[in-house]
Every structure is written in C-alpha cells, then in structure tokens.
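Protein chains: 2
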Amino acid sequence: MELLENRIREDAEVLPGNILKVSNFLNHQIDVKLMDQMGEEFARLYKDTPVTKILTIESSGIAVAYSVAQKFGVPLVFAKKHKSSNVNEDVYSAKVWSFTHNQEYTVVVSKKYISSCDKILLVDDFLANGAALNGLIKIVGDAGAKVQGICIAIEKGFQNGGKELREKGFRVESLAIVDKMTDDGKIQFRA
Amino acid sequence: MELLENRIREDAEVLPGNILKVSNFLNHQIDVKLMDQMGEEFARLYKDTPVTKILTIESSGIAVAYSVAQKFGVPLVFAKKHKSSNVNEDVYSAKVWSFTHNQEYTVVVSKKYISSCDKILLVDDFLANGAALNGLIKIVGDAGAKVQGICIAIEKGFQNGGKELREKGFRVESLAIVDKMTDDGKIQFRA
Numbered sequence: 001m002e003l004l005e006n007r008i009r010e011d012a013e014v015l016p017g018n019i020l021k022v023s024n025f026l027n028h029q030i031d032v033k034l035m036d037q038m039g040e041e042f043a044r045l046y047k048d049t050p051v052t053k054i055l056t057i058e059s060s061g062i063a064v065a066y067s068v069a070q071k072f073g074v075p076l077v078f079a080k081k082h083k084s085s086n087v088n089e090d091v092y093s094a095k096v097w098s099f100t101h102n103q104e105y106t107v108v109v110s111k112k113y114i115s116s117c118d119k120i121l122l123v124d125d126f127l128a129n130g131a132a133l134n135g136l137i138k139i140v141g142d143a144g145a146k147v148q149g150i151c152i153a154i155e156k157g158f159q160n161g162g163k164e165l166r167e168k169g170f171r172v173e174s175l176a177i178v179d180k181m182t183d184d185g186k187i188q189f190r191a
Numbered sequence: 001m002e003l004l005e006n007r008i009r010e011d012a013e014v015l016p017g018n019i020l021k022v023s024n025f026l027n028h029q030i031d032v033k034l035m036d037q038m039g040e041e042f043a044r045l046y047k048d049t050p051v052t053k054i055l056t057i058e059s060s061g062i063a064v065a066y067s068v069a070q071k072f073g074v075p076l077v078f079a080k081k082h083k084s085s086n087v088n089e090d091v092y093s094a095k096v097w098s099f100t101h102n103q104e105y106t107v108v109v110s111k112k113y114i115s116s117c118d119k120i121l122l123v124d125d126f127l128a129n130g131a132a133l134n135g136l137i138k139i140v141g142d143a144g145a146k147v148q149g150i151c152i153a154i155e156k157g158f159q160n161g162g163k164e165l166r167e168k169g170f171r172v173e174s175l176a177i178v179d180k181m182t183d184d185g186k187i188q189f190r191a
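Sequence order for the protein chains is A and B. Everything in the first sequence is counted per the working numbering, starting at 1 for the first residue and increasing by one. Everything in the second sequence is counted per the working numbering, starting at 1 for the first residue and increasing by one.
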C-alpha cells in the first residue's frame with residue numbers, strides 16, 4: 001500500500017537491532033485517518049471472504065483491528081496479555097515468546113467470545129517472527145473456529161514469520177513488507 | 001446515553017466487590033458499532049470545543065478513544081504502562097495507583113506527542129476513583145498543554161473520582177453514570 005510505505009519512509013525511524021519505530025503514527029500516537037484507509041484496504045483485499053469476528057492482541061494491534069472491524073461491521077476481540085501462566089478454564093490461552101522483551105507471556109481470550117461458528121480475521125500492527133500470530137492461531141484452533149486470513153500493517157520480510165505462515169496455507173496480507181533496513185535509515189520495500 | 005445504559009442493563013455482569021463487567025461489548029470483545037455511536041455522542045457534547053488531540057491509556061481505553069479521535073479528525077495518543085518507575089527524559093510520566101491490581105504503575109507518553117499548543121480530550125472506558133485520569137492530567141500539565149474535557153464511557157458515581165474532577169473544574173462527560181449496583185445484578189443509573 002503506497003500510502004503506508006510513503007508514511008514509513010517519511011516518518012519511521014530505523015534503530016539498531018532491526019527495530020523499525022513507527023510510534024509517530026501507528027503504535028503510540030495513532031493517525032486515525034491513515035488507520036481508516038488501512039482498514040479500507042483490508043476490506044478490499046478480503047471483500048469475498050466471510051468474516052464474523054476480528055481478533056488481535058493488546059495493545060498496539062487494537063487501533064488497526066478497530067478499523068478493520070468497522071469496515072466489516074463485526075465485533076473486535078482483543079486477546080489479553082496475562083502475567084502468570086496460570087489461567088482458568090473460562091479462557092483459551094497460548095504461550096507467546098516475546099523477542100522484544102526476551103520473555104514468555106501468556107495470551108488469553110474468554111471462551112465466550114470465540115465459538116466454533118466464527119470465521120476470523122487476525123490483525124496485528126507488525127509481523128516479524130510470527131510468535132504472537134501463532135498464539136492467536138492456536139486460540140482460534142482450540143475454539144474450533146476458522147482463521148480466514150491475516151491482516152498485517154508492517155511485515156518484516158527479512159524475518160521468517162510471514163513466510164512460514166504462508167507455507168502453512170494461511171492467507172497473509174501485509175500492507176507494507178520491509179525487505180531490508182539499514183542503520184542509516186534506508187528502507188527497501190518488497191515490490 | 002440511553003443506548004449505552006440499555007446495553008449495560010442487558011449485557012453487563014455485576015460481580016462482588018462493586019465490579020461491573022462489560023467485557024462483552026466494551027473491553028475484551030468490542031462492539032464497534034456501539035463505540036461509533038459513543039464517539040458520535042462525545043463529538044456532539046464537545047462540538048464547540050477546540051480539540052487537537054485525544055489522549056487515553058492502554059489497553060481498554062483505546063477503542064473508545066479511537067472512535068472519539070475519528071469524529072474529531074485528530075490524532076490519538078495512548079499512554080503506555082511502564083513496568084518500572086525508571087523512565088528516561090524523553091517521556092512525560094505519572095505514577096498511578098491501581099485499585100484493581102493493588103499496585104502502583106507508571107504511565108508514560110513520549111514528549112514528541114504532546115506539545116504546549118495541544119488542546120486535549122482525555123478518554124477512558126471507566127471512571128471510578130480517578131487515579132488513571134489524574135495521571136493523564138499530570139502528564140498534560142507537565143507538557144504545558146490544556147485538558148479541554150474528559151470523555152468517559154461508564155462512571156461509577158458511587159466512587160469519588162468524577163466528583164473530585166468536577167470540583168477541580170474539569171468538564172467530565174460520562175455516557176452512563178452508575179449510582180448503585182447490587183449483587184443481584186440491579187443497576188441504578190443517575191437520571
């Protein structure tokens with residue numbers, strides 16, 4: 001999506017360690033108009049796909065997911081990060097390894113909010129190694145529901161998450177795929 | 001707002017300890033259409049108020065705040081919860097006591113995203129004792145910006161937060177004010 005790529009070029013910061021900082025418009029300050037256009041684009045991409053629910057993880061996935069839910073006119077559910085790995089039987093849960101914080105956390109979704117009838121789009125702001133998404137996929141699977149597709153704002157194409165998910169047969173739509181970043185701030189997008 | 005009050009009557013759970021659980025439509029599963037109508041109502045209430053930015057706290061404030069930001073056509077900023085109280089000089093910060101988790105946490109906002117020119121609406125899903133909002137008010141004050149008003153989905157009118165903020169001169173608009181809840185699930189709204 002040219003609009004998002006341009007915005008990344010103008011406004012993102014490349015930090016050492018392959019960090020792409022987009023706090024200016026995506027995950028601390030949020031440009032709601034841009035979000036809205038991203039939601040529109042996801043709706044266009046998945047226009048022939050039946051969707052009953054949008055699922056994301058708190059916190060930085062919520063804004064993108066909201067815009068997608070709005071376009072599809074379906075509820076949004078966000079998985080909650082849980083401090084301990086002890087969860088009760090009212091929730092579906094998955095363990096997720098955070099490469100950013102170098103620790104494992106547990107994500108939970110109340111069993112009330114996903115049923116086996118649900119056709120779900122997963123949404124997140126970033127896709128790198130895919131750990132968070134694989135957690136959500138496990139949760140959807142445990143509920144007997146179906147993942148219809150995955151909506152990502154920015155995919156780090158030089159990490160394996162997207163490739164592996166596509167190889168498993170998931171449809172992954174990323175609005176911008178970064179194939180290369182250099183410490184002097186140059187960003188190369190997949191054509 | 002009658003729509004929200006009716007939804008609370010139909011869909012909320014009253015749990016022991018004066019807990020009002022609205023995970024079904026407000027802060028775990030989110031009814032985006034309801035959110036949109038709430039945003040519309042806040043826009044009506046503050047229609048004569050200049051607003052340059054919406055500020056909330058992750059995570060459960062984000063969806064309501066998104067809908068308000070969309071109506072005003074301004075950016076949304078969410079304060080982040082910080083694990084340690086050590087913060088760097090690039091952020092405004094405030095300590096907030098969480099009565100729910102019985103511990104103190106720190107919220108931070110990058111100095112880049114609030115300036116002394118900003119006219120800010122604070123948004124949150126709940127107002128009880130006002131601890132989180134007072135943290136946001138401190139942050140806005142530290143930035144030299146102005147709080148134009150406060151937008152709350154559900155205020156617990158039997159706790160002191162709203163009363164104290166109004167006494168300090170803040171305009172607080174709560175779409176539903178619960179004056180009384182009983183363990184058998186009865187909820188009484190302020191007229």
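It should be emphasised that the hints constitute simulated quantities derived from the structure, not laboratory data. It is possible that some hints are incorrect.
[To be verified] Pair by pair, the computed Cβ-Cβ distance ranges are: (1) B:L15 / A:R9: 23 to 31 Å; (2) A:N6 / B:K21: 17 to 25 Å; (3) A:G73 / B:K21: 34 to 42 Å; (4) B:E104 / A:N129: 30 to 38 Å; (5) B:D36 / A:K119: 16 to 24 Å; (6) A:I19 / B:E167: 17 to 25 Å.
Every residue, glycine too, gets a C-beta built ideally from N, C-alpha and C.
Now the hints, each set against the structure:
1. B:L15 / A:R9: 23 to 31 Å: 49 Å, violated
2. A:N6 / B:K21: 17 to 25 Å: 43 Å, violated
3. A:G73 / B:K21: 34 to 42 Å: 25 Å, violated
4. B:E104 / A:N129: 30 to 38 Å: Holds - the Cβ-Cβ distance for E104 of chain B and N129 of chain A, about 33 Å, lies within 30 to 38 Å.
5. B:D36 / A:K119: 16 to 24 Å: 22 Å, holds
6. A:I19 / B:E167: 17 to 25 Å: Taking Cβ atoms as reference, I19 of chain A and E167 of chain B lie about 45 Å apart, which means the hint is violated.
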